[in-house]
Each structure stands twice: as structure tokens, then as C-alpha cells.
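Quick mapping for you: the protein sequence lines, in order, are chains H and V. Count along the first sequence from 1, add 1, and you get the number used in the working numbering. Count along the second sequence from 1, add 6, and you get the number used in the working numbering.
One should not assume that every hint holds.
Stated by the list, open to error - List time: in silico DSS-like cross-link candidates among lysine-lysine, alpha-carbon distance up to 27 Å: (1) H:378 <-> V:65; (2) H:100 <-> H:453; (3) H:378 <-> H:100; (4) V:51 <-> V:72; (5) H:455 <-> H:378; (6) V:94 <-> V:72; (7) H:95 <-> V:65; (8) V:72 <-> H:100; (9) V:65 <-> H:100; (10) H:95 <-> V:51.
By construction, these hints were calculated from the structure, which means they are not laboratory data.
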Amino acid sequence: MPFSFIDIEEKKTRLLGCLFFFVIFFYFLTAYLVLLILRNAFGPRDGFFWPSGMSVLAAFGIALFVALLHWATSTSHLIEKLSLSIGAMELDAKDFYHKGLQNIIDEVGVAVGGRRITGMVIPSVSLNAFALEDFQGRAVIGVTEGLLTRLNRSQLEAVVGHEAGHIVSGDCVTTTVTCALAELYDELFSRLKAGMQRSRGRGSVLILALFLIIFFMRFLSTLLRYFISRQKEYRADAVSVRLTRNPLSLAEALSLISTNWRGGGASGERLESIFIVNPNFSRLDEKQGVFSDVFSTHPPIAERIRILTDMAHVDTKTLEEHLKNDTWVSPVAQAEFTQADGGPSAWRVFADQEWKGPFGLEELQASGLLTPETWVKPEGSEKVAHAYEDETLLSVLSPQATEKKTKEEFACPHCRTALGELYYEGVPLQKCSHCDGVFAPSHKISRILIRKDKTFDPEIVRMAEATIRERDRRVDGFYKQKPVNAWVLDCPQCGRKMRRQFFVYSYPVEIDRCVYCEGIWFDRQELEILQYIYENKEHFFDDSSF
Amino acid sequence: MVVILIVLLALVVLLLGWFFFAYNSLVRLKIRVDNAWSQIDVQLKRRHDLIPNLVESVKGYMAYEKDTLERVIKARTQAIDASGIKDKAQAENFLSQTLRSLFAVVERYPDLKANQNVLSLQEELTSTENKISFARQYYNDEVGRYNTLIEVVPTNIVAGAAGFAKRDFFEIEDKTQREAPKVQL
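One chain only, chain H, in its complex shape (with noise of 0.2 Å):
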């Protein structure tokens, strides 16, 4: 039994050596070419020369040490060098769709006999995953923000089955070290490109050798990705239906990544193989035979499905037809996230003489009036008591929570109160319970515009179509016209001025945006309206306005 991870170490130092082998045969042959060519061009002018035997050692010790420099520069730090070039971001601990993708590896965690494993999520609408692995064993699995929330728990269970069978199964770390390896290259030729153009002197003689070197060492890489077989996907199924004992639903996941956008493009073009699916949708891909078989790093998908829907009885049709019908939401869709208690969500407190208030929760903790001797009275009652005495407020006056507060406190740019949290479609996010404004990092904006959970009020609806109408009727000067005081907010997060400005000119909602935090301030409704157009923008942009 092959696949519980205590028995997959001995195999994996095999192969890893045989992958440097490989390297360092790699960087010989590069060498003694060069020292080929050096001989013939420069060198005595009679006749045709092959390097003496000195030589090729000198160029055996130059490519060692030239291999070894590789391979020390592009195994340190491996998950975060491909992570950051994939744009994969660490989970965010408070984000319930996050919170459940963690939940999720655990499982498969256990499943696998226990082990650790680190989530991770690209920001993307696209539907992917992958799986990285470093020589400490350390692991990530990542998924795609439209994967999370296209695919209902089991199928996404399967998903990381799949990746956590790459894991256990040990090729991970052998991919995962060809990706980095190969990445290289990459860097450099995109840097040489640019260098090419910048220079036109003496030096870009040098640069063109460089490059063509470097050229064909792309190519040899290349052809180093093939070293991994298509058939370890294959295998990673099996692993995954072994797990979760689930076939129909690593179908389901797998028809549905592949009927939509995968992400192409958006990724690093030489790290394909670490994803269940090509990114770059490729006919080789889909192709059977021995050529395919060598030059493609992934199965058809339609062979894949194939065994799993027979594995599991049911036929192709069936399950486009099934998923067709499929009506699952998830459950943040239907929770309103109110408070979670029965208990007062606001307190007038006695401080300097008079009663103030009434404060949120929050705001109580940011306001800095809170003591436990303190004396409130709940909004809406006339009961007063100290603050320890009150249930709610006692949770919140023990030491770690107050640490914990203080240090993200955000203010209000208009109201100067500080700001509550609030959870939008499962990402927390700071809004101000005065005048419901709603500020957001970039970044949480994008898992908002991805997720379709919340429902719009019409008022809302009719907002968003004027807002459109607005920008099509005034479309000769609109990108021209600057809106008036364009830096008037405080930034809530680093305090600098913020610029109102158009979300984008598509989608011209407009917002406040922090031009060095990159945080977003959106005024009441503002949010709501720019992920109404963002949902519907088949809707709005199917004319020739888009």
C-alpha cells in the first residue's frame, strides 16, 4: 500500500536525485557545446576540433558548479517564490468560504493519515487548483476564489483529494522543484527581453549571445516538464476517490472547471503541471497516443471523467444533465449574519459626567470608555449596571480581546466614529454603523465581486441601471470629467488622503480609493450598486458600449 505518506520518503530522495542528475547533465551539455563552438570559431584555423580531455572536465566543473547554484537558488524559499507567481494568497483566517476550504484539507488531512497541510487561494475567477510541496514537507493546496465558490463542499472535497493525492503520492515535490527550476529561465528571458531593448549598443551583442543561450536552455526546460508523466493525474484520481470514497463528485468538479475559464494566462507560463487542470487550454492535452503521451503534462478531461463516472455507474450525459439542474447555494447565501446573540447590540455609557451613546460593540471597545467599572445602561432599557455585570461586554473587556481590537481600529472618514465589523457575503469587512459606509482592502473586493450570494433590494437595482444609464448618455465628455474635491476622505487604514474616483470607467461607481494602502471606501449603497452592475454586466455591457 503505496499511499499513506509514511512509506513515500525513500522514493522521493530517488527521484529527486535522479531530477538533479538530470540538471547537471543539462548544464554539461550547454557547456561543452559553447566550448564546442569557442574551439572551431576561434581557435587554430585547420580543420574541424573536438575538445582534449581537460577541457571537458573544465566544462564538467563549471556545469556542477553552475547546476548547483541553480538548484540552491530555486529550491530556497520554493512555496513562496511559485506561490507569489501564481498570485496565490494565504487564507484569511475570519473569511468564512476560507474558513471552510481550511476545514476541507484538514479532513482530507486526516484521511491521509495526518498530516498538515497549508491552504492557500488565488484571488481569480477562474476554476483551478494546485499543489505545492518543498523538501521539508512542508504542503499547500490552493484553490481558485471561483472554485470556492462554484463548487459545493463534496465536489471541492474531491478537488483537494485529488491535490492531496499528488501530495501523499510524492510526485508533488518533484513537480514542484521542475516548476521552480524552470522558472528560472523564465526571469531571466523576460528580463533579457527587455534589456535587448533598452540597449542598442556594444552590449547588445553580449545580451543576444546570452539570449540565445538562454533560448535554447528554455527549450531544454521545456522538455524537462515532460519528465513529468501525464499519468501521475490519473493516478491523483484514483487517490482522491480512494479518500473520499466520491467519484461522482470529483466528476462533477472536474466537468465543471473544464466547461469554464481555467485561468489562462493569469498564472506563470511554465507552471502548468501543478494544476488539476491545464490553465492554458491545449488540443495536445486532449489528444491520446505516444506523442501526446510525451509532449502534454495533463490527460483529456474527457478520459478522466470518463473512469470516474463509470466507476460510479452513471453515464456522461447524465451527469451534464444533472449538473444542469443543479440548484445548490451555499450556505452563506441565506444567512443574514446578524448578531449572534439575543442580547442588546447597543449600550449608552456614563462617562465624563453624561450618558454618550449609544455605541456598538466595536465601537465601545475602540472608543477606549470601556472599563469593567464602568457604568452602561443597554439601549432601550433603563437597567444600569457596570460593565463586567453585562454578559456581551464581559466577553469583550478579557485582556486578549482588547490587544486584539486596538489594533485594527479604523475610524469613520465621515462620522470620525470607529468602525464595526461586518460580514459581506462571508468576508469580514469595517463599516461604520452611523452612516453605512464600508471600507474594504483591494483585495477583499475582488472575493466580493467573485461570490454571488447576496440578493438586491430593488432600490438598489434601480440605482445601479440609472448609474449605467448616467454613463451612456453623458458619453462624449464622461472620461474626460474629473469629479469635484477628488481628495477629500482620510484614509480609515493609514490616514492618508484618499481619491474619489470611478471604480473602474466600465463600471463607474464611485469610490474612494487610498492610493498607498489600496483600500477602498465606499459610501452607503456604493458597494451594493458595483456588485449589482459587476454580476449582471452581461445585462448591462451586451451592446457595443463594453
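With chain H fixed as given, assemble chain V onto it according to the hints.
Relative to the frame of chain H, chain V by itself:
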């Protein structure tokens, strides 16, 4: 004579080697089974810890459902007190069933369904429930391998001589119980 002696000696060494090998692999598997069992234990403990929280946060809303809540609490106490694999399995099964009925009741209260606290607790419990079943699956797989090795010829001789006993599976009667209290809210 010498040749026969050498052959005999070689045979004895080989036999001894094989004996050690078989013994060691039995020990290794046994430790893995123990490890797998402790994983189930961790998850079960986690569920026991979560239940009082859940009961606390739904109590206010469900004045008329005292029975259900009391049954959950009682099942939890029983499950904590149970010892031995068979008893534990039974008590935990019962706890799962009562939890399922509790979530069915929660369905009928729209206020509760929209409560963020209940929602996250429910997510936690569903996840723990899945973890329990995954841990059980892993445990049963390991027990299966261990028991097989004890029963097959020739390792059964070693197992009998060294006193390796077969382990019980962590079984459930109800096949549909995996992901049991997963409510579509």
C-alpha cells in the same frame, strides 16, 4: 558433515532473519494502528468539546425542544464515559444520530438558520464529523492490513508465538452515516 552443518547454520540464520523481519513488520503495523486510533480519539474529543457550545447557542431559540437538547447532552456524556473500541463506536454512533435530529430541528427555525454563530458551529461540527469518518477510514485500513498479516501463513506463526492479537474495526451499522449531520441550509 561440515557442509551439512554449514547448510543447517545458514538455514537457522535465514529463519531467524525472517523471524525478526516478520516480527518487526508486525510491530510497525501495530504502532501505526495505535497512531490511527489516537487520531480518531483527537477528533472525537473535539466533537465532545464543540457540542456544549452548540447547545448553548441554540438554547435560547428552542424553548420547546428541550427533549432534543437533553438527548444530545446525554448522548455526549455516554460517549465520553464509554471505554473499549466496540462500546465507543456504539456510543459515538448514537451521538451522531442525536446530532442529526438536532440539526433537523434547527432547520425549522429561520432565526437560527440565519445565525452566524450557529452557522459556523455547524460548519465546525460537519467538518469534525467528516474528520472522524476519515480518521475511522484510515484506522480501519490500517487494522485491515494488520489483521491480514496476523492471519496469513507464515506470519501467523510469528504472531501466535509473540502474542500479537487481532484488533477490532471501528464499525458503523448505518452505511449512509458518513457526512451525516451535513444539513443543506
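Checklist line | Numbers of unmet hints, in rising order | finding: 3, 5 and 8
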